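*Asks:* Residues per chain are reported as follows:
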Amino acid sequence: MAMAMAMSRSNAGRGIRLMSTSGWWKAVEPAPKDPILGVTEAFLADTDPNKVNVGVGAYRDDQGKPVVLQSVREAERRILGKENMEYLPMGGSVKMVEESIKLAYGENADVLKDKRVAAVQALSGTGACRLFAEFQKRFRPESQIYIPVPTWANHHNIWRDANVPQRTFHYYHPETRGLDFASLMDDVKNAPNGSFFLLHACAHNPTGVDPTEEQWKEISYQFKVKNHYPFFDMAYQGFASGDTDRDAKAIRIFLEDGHQIACAQSFAKNMGLYGQRVGCLSVICDDAKQAVAVKSQLQQIARPMYSNPPVHGALLVYSILSDPDLKALWHKEVKVMADRIIGMREALRGNLENLGSPLSWNHVTDQIGMFCYSGMTPEQVDRLTSEFHIYLTRNGRISMAGVTTGNVEYLANAIHEVTKSSEKELKAGAV
Amino acid sequence: MMGKNSSACSFEEKESDKSLSVAGRRIGSLVRQLAATSMEGQADRDGDLRFQPTAGSAVSAFQHLEQAPEDPILGVTVAYNKDPSPVKLNLGVGAYRTEEGKPLVLDVVRQAEELLIQDRSRYKEYIPIAGLVEFNKLSAKLILGDGSPAIGEKRVATAQCLTGTGSLRVGAEFLSKHYSQHIIYIPVPTWGNHPKIFNLGGLSVKTYRYYDPRTSGLDYEGMLEDLHAAPPGAIVLLHACAHNPTGVDPTQDQWEGIRQLIRLKGLLPFFDSAYQGFASGSLDADAYSVRLFVGDGGECLIAQSFAKNMGLYGERVGALSIVCRSATVATRVESQLKLVIRPMYSSPPIHGASIVATILSDRNLYYNWTVELKNMADRIISMRHQLYDALKARGTPGDWSHIIKQIGMFTFTGLNKDQVSFMTAEYHIYLTSDGRISMAGLSSKTVPHLADAIHAAVLRLG
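These protein sequences, in sequence, are chains U and C. The first sequence begins at 1 in UniProt numbering and counts up by one. The second sequence begins at 1 in UniProt numbering and counts up by one.
The following block holds chain U by itself, in its conformation from the complex (with noise of 0.2 Å):
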């Protein structure tokens, strides 16, 4: 009572200030710019007619403009009006999540038919490496990680912000720009059995190099014979080489093999559907039971991080999936996407043989999917940065979204301008 009173009748208390006056957060140090999206920045602040912006990791079409798919189109005038904006369950939409495990797994896979998926809606492929993630600290506590070097950045910051300790693998071969298979096999057997390992299914980001189906054959053998547990995270199905079932085919592999494995899913690239954060983490199971059970479980993780995941994206991707039309349609555009990508490989490696360069860039064709690794160096890269206003992040990773029929012979002839040079060095041996 005491304190109360003596609260509210203090007249000095209006004056009352803060019993420190250097606040909270003097500590906090600004944080470093993300790198991909620097460049984006600069390259916006950059008035130079040619300027060219390699950088970005979302698709544009030949006029370089973001595009919004027709069947994503269509959806939005579908469900418009009709949406009633309710909680989605914490596991999210279950009728998106059922089309979106058929898509990863083949409408008839066995696991499927056996109901031994667990599966929710994610905020798109870093939501659903986050909940896996999570779920892989609490109930595989002892457990780490094993990342592929190079790897998309973010899985870092991910599996790192979920306390799950990381260990590397090796994956791409600067000498070749191509895949380390025979180090990638090495780091596979000498990691203790029952290791997590991380694999992108299709479109290695940023390398653009996938293994082989016969490599995919091998390393899931390997896995089996030291019953390692393979997560992978998929954010470029169908729109690799244009076949949704030829990109899944490592998965399927697997799957095969019967090993028991977990899929991040996003729709954030193959629908356009960026903004919308869509996507779908899958654990498969020994049995139905035990799917029911690790899916109450993966919703326990969501609960406290958002409570139920967006409904808007959902309906999108449901409606497209599930009506035949729609879905062939969509098949169609992601098709001309991906052929759009593989056509630029080919005009940029082309353009460069013709230019005469001492360098090999079969590698250009040879990888895959948004992303090429050049092999460029940092130095190289700010030489075409700051000579020929071409932006791109400095590890000389090109989007090859970014290229077009307009820009791509200047590109070309930027990248002859600062590689050329580099004859020397290969004739030296250092590259």
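You may find that some hints are simply not true.
Claimed, not checked - With a straight-line Cα cutoff of 27 Å, these simulated DSS-like cross-link-like pairs (lysine-lysine) come out:
id, chain 1, residue 1, chain 2, residue 2
1, C, LYS374, U, LYS82
2, U, LYS65, C, LYS124
3, C, LYS124, U, LYS51
4, C, LYS124, U, LYS95
5, U, LYS113, U, LYS289
6, C, LYS177, U, LYS137
7, C, LYS338, U, LYS33
8, U, LYS51, U, LYS420
9, C, LYS102, U, LYS82
10, C, LYS338, U, LYS137
11, U, LYS335, C, LYS124
12, U, LYS95, C, LYS102
13, U, LYS33, C, LYS177
14, U, LYS95, C, LYS137
15, C, LYS196, C, LYS417
16, U, LYS289, C, LYS82
17, C, LYS137, U, LYS33
18, U, LYS332, C, LYS124
19, C, LYS154, U, LYS33
20, C, LYS88, C, LYS102
21, U, LYS420, U, LYS95
22, C, LYS88, U, LYS137
23, U, LYS289, C, LYS196
24, C, LYS82, U, LYS115
25, C, LYS338, C, LYS374
26, U, LYS335, U, LYS102
27, U, LYS33, C, LYS124
28, U, LYS82, C, LYS124
Claimed, not checked - Chain U is faced by these chain C residues, among others (derived, beta-carbon under 10 Å):
id, residue
29, LEU65
30, LEU74
31, GLU113
32, GLY164
33, ARG169
34, ASN193
35, HIS194
36, ASN199
37, LEU339
38, ILE350
39, ASN368
I should point out that these hints are in silico values taken from the structure, not numbers from a laboratory. Since the model is a prediction, treat every value here as computed from it, not as a measurement. Cβ atoms here follow ideal geometry from the backbone N, Cα and C, with glycine treated the same way.
Knowing the structure of chain U, use the given hints to seat chain C on it.
*Replies:* Chain C only, in chain U's frame:
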């Protein structure tokens, strides 16, 4: 297409391919090695490795995992759905319902959606990590008020988050990374999800007294005592208005007392504002507590939700604002917020925030929104009065004035678990076992039925 990165090969290829790379030859020998030593694989005549899964599959990595318990709040709706009774009533759900018991999509929301679909120049790609800039500005203005000095002095760092839950979680993770104190005090009782959000966000949770069951009101003295005993710098969760689940809010004088104590002790306030405009019908009145604190120049965190006041539940729209002492600090804080968000979901969903920004930035839509908002709040207040009157009319024992004193979507009836079970079993009324009812689930037609049930429960098990 798997990519033609290196030449994995079969036996026959190897023999004849003179230009095989070093890697290719190495792989060939690896294949042979595996074929020779494998226990589970069977190399066929050509040396290709064919995998034959063992009969017993490896034990699942998550074998030991158990089914999680049902969410207590959502479990109520599950039970309700199973009940075949024609007079069943769902008073568990925290979502607004019309007089007809239907969910409501606001007219302004539908109009905003129409405008958005026509606008071909909209964002087609990722929105920034911290969300839509316009939305962030308008959200901060809404809660802090037009002409708030904190905004004018650029001292507010705002990030679009996934409604209240997401804003609280991002705020908690930010605090656990950058703030010296990792203890947060939460009121008793509070929304069931609060402790989990803060724990998983890296904070440890303590409580302060809040609800007084004897008065069905605020235990003001107890609250001040507990906050007084908190260590300096501790974080304090405050419900900005319409406390969930009790509906009990401090008076303006009490808020001033709370503010003085918090500033005196150097505690850090973290506001959860989930019902602005929805509680009293007035956006400004419902922001009183937040503005009182910000007005003294001090720092605080604010989690805003547009789930109820714009009916955008499933779109997950909200914002976290951190009011700082200076603009430079606010800029740094915003940059660090992005580092929390990026590994959680990269960037927030665009749709709901676009709707909110459209409404808040258009004078007509904004005005119409305030009208619709007042209608929702008024209907709920009317239900409170009708229920109170119905209980008085029946002469139900006890003081039921708290029903009209409490504010917001929920009423903490004061009924105990047994009485609640009785009401469910005999009257098919579904509510959470703590006696909380959602006024939004009531209508003029169903009030009598509820009043009968409460009356019977109190008489039978009082």
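*Asks:* Hint by hint, say whether it matches the structure.
*Replies:* Hints and how they fare:
| no. | hint | result |
| --- | --- | --- |
| 1 | C:LYS374 x U:LYS82 | 24 Å, holds |
| 2 | U:LYS65 x C:LYS124 | 10 Å, holds |
| 3 | C:LYS124 x U:LYS51 | 21 Å, holds |
| 4 | C:LYS124 x U:LYS95 | 25 Å, holds |
| 5 | U:LYS113 x U:LYS289 | 14 Å, holds |
| 6 | C:LYS177 x U:LYS137 | 19 Å, holds |
| 7 | C:LYS338 x U:LYS33 | 10 Å, holds |
| 8 | U:LYS51 x U:LYS420 | 21 Å, holds |
| 9 | C:LYS102 x U:LYS82 | 14 Å, holds |
| 10 | C:LYS338 x U:LYS137 | 23 Å, holds |
| 11 | U:LYS335 x C:LYS124 | 19 Å, holds |
| 12 | U:LYS95 x C:LYS102 | 22 Å, holds |
| 13 | U:LYS33 x C:LYS177 | 18 Å, holds |
| 14 | U:LYS95 x C:LYS137 | 35 Å, violated |
| 15 | C:LYS196 x C:LYS417 | 23 Å, holds |
| 16 | U:LYS289 x C:LYS82 | 22 Å, holds |
| 17 | C:LYS137 x U:LYS33 | 22 Å, holds |
| 18 | U:LYS332 x C:LYS124 | 20 Å, holds |
| 19 | C:LYS154 x U:LYS33 | 20 Å, holds |
| 20 | C:LYS88 x C:LYS102 | 15 Å, holds |
| 21 | U:LYS420 x U:LYS95 | 54 Å, violated |
| 22 | C:LYS88 x U:LYS137 | 42 Å, violated |
| 23 | U:LYS289 x C:LYS196 | 26 Å, holds |
| 24 | C:LYS82 x U:LYS115 | 24 Å, holds |
| 25 | C:LYS338 x C:LYS374 | 35 Å, violated |
| 26 | U:LYS335 x U:LYS102 | 19 Å, holds |
| 27 | U:LYS33 x C:LYS124 | 23 Å, holds |
| 28 | U:LYS82 x C:LYS124 | 22 Å, holds |
| 29 | LEU65 | 5 Å, holds |
| 30 | LEU74 | 8 Å, holds |
| 31 | GLU113 | 6 Å, holds |
| 32 | GLY164 | 8 Å, holds |
| 33 | ARG169 | 5 Å, holds |
| 34 | ASN193 | 6 Å, holds |
| 35 | HIS194 | 9 Å, holds |
| 36 | ASN199 | 8 Å, holds |
| 37 | LEU339 | 5 Å, holds |
| 38 | ILE350 | 3 Å, holds |
| 39 | ASN368 | 17 Å, violated |
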